[in-house]
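> Going by my numbering, the sequence shown opens with residue 1, and the numbers climb by one from there.
Any given hint could be a false lead.
Result set (EDC-like, lysine to aspartate or glutamate): computed pairs, CA atoms no more than 20 Å apart in a straight line [claimed, not checked]:
id	residue 1	residue 2
1	Lys-95	Glu-56
2	Lys-41	Glu-71
3	Lys-95	Glu-71
4	Lys-41	Glu-139
Derived by calculation from the structure, the hints in this document are not laboratory data.
None of these values were measured; they are calculated from a predicted model.
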Amino acid sequence: MSMTDTTEPTIHGSCLCGAVSYQFSGAPRGFQYCHCSRCQKASGSAHGAFMFVAPEQFSWLSGAELVTRYEVPDAQFYASCFCSRCGSSLPWEVKGANNIAIPAGSLDDDPGVRPRRNIFFDYRACWFEPSSELACFPEGPGRK
Numbered sequence: 001m002s003m004t005d006t007t008e009p010t011i012h013g014s015c016l017c018g019a020v021s022y023q024f025s026g027a028p029r030g031f032q033y034c035h036c037s038r039c040q041k042a043s044g045s046a047h048g049a050f051m052f053v054a055p056e057q058f059s060w061l062s063g064a065e066l067v068t069r070y071e072v073p074d075a076q077f078y079a080s081c082f083c084s085r086c087g088s089s090l091p092w093e094v095k096g097a098n099n100i101a102i103p104a105g106s107l108d109d110d111p112g113v114r115p116r117r118n119i120f121f122d123y124r125a126c127w128f129e130p131s132s133e134l135a136c137f138p139e140g141p142g143r144k
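Put together the whole structure using the sequences plus the hints.
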């Protein structure tokens, strides 16, 4: 790449069985850990790890027909998508926002960015031991 080349990197991701794959180009809008109970349940872990991209940055490469979406009826923003074959968490369009949420564990490439904050930190799992210097918000950003 030359010094004048402004081509943004393309980052790839996929599910565990490899049937579903996707890509996004350009820098993510954000990267965070979410400690809400929904993310804990959906990930089976202490938190979700998500980055966000604009819909025009994102495209499915294969297996889009295998992507199943689950929506919590009373959730303002939360939804989840997963592979109907292997159950892996996959990107989804955030309700009420112009974002695609990318589960970081589904990435095949290094996105070149690292998480910047913890959200819903007051709801973290009682057994979770924080080990980073990331900013911690009691709820979502912009909330008290």
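> Now, for every hint given, state plainly whether the structure supports it.
So, going through the hints one by one against the coordinates:
no., hint, verdict
1, Lys-95 to Glu-56, "holds (16 Å)"
2, Lys-41 to Glu-71, "holds (13 Å)"
3, Lys-95 to Glu-71, "holds (9 Å)"
4, Lys-41 to Glu-139, "holds (17 Å)"
Checked against the numbered hints given earlier, this structure breaks none of them.
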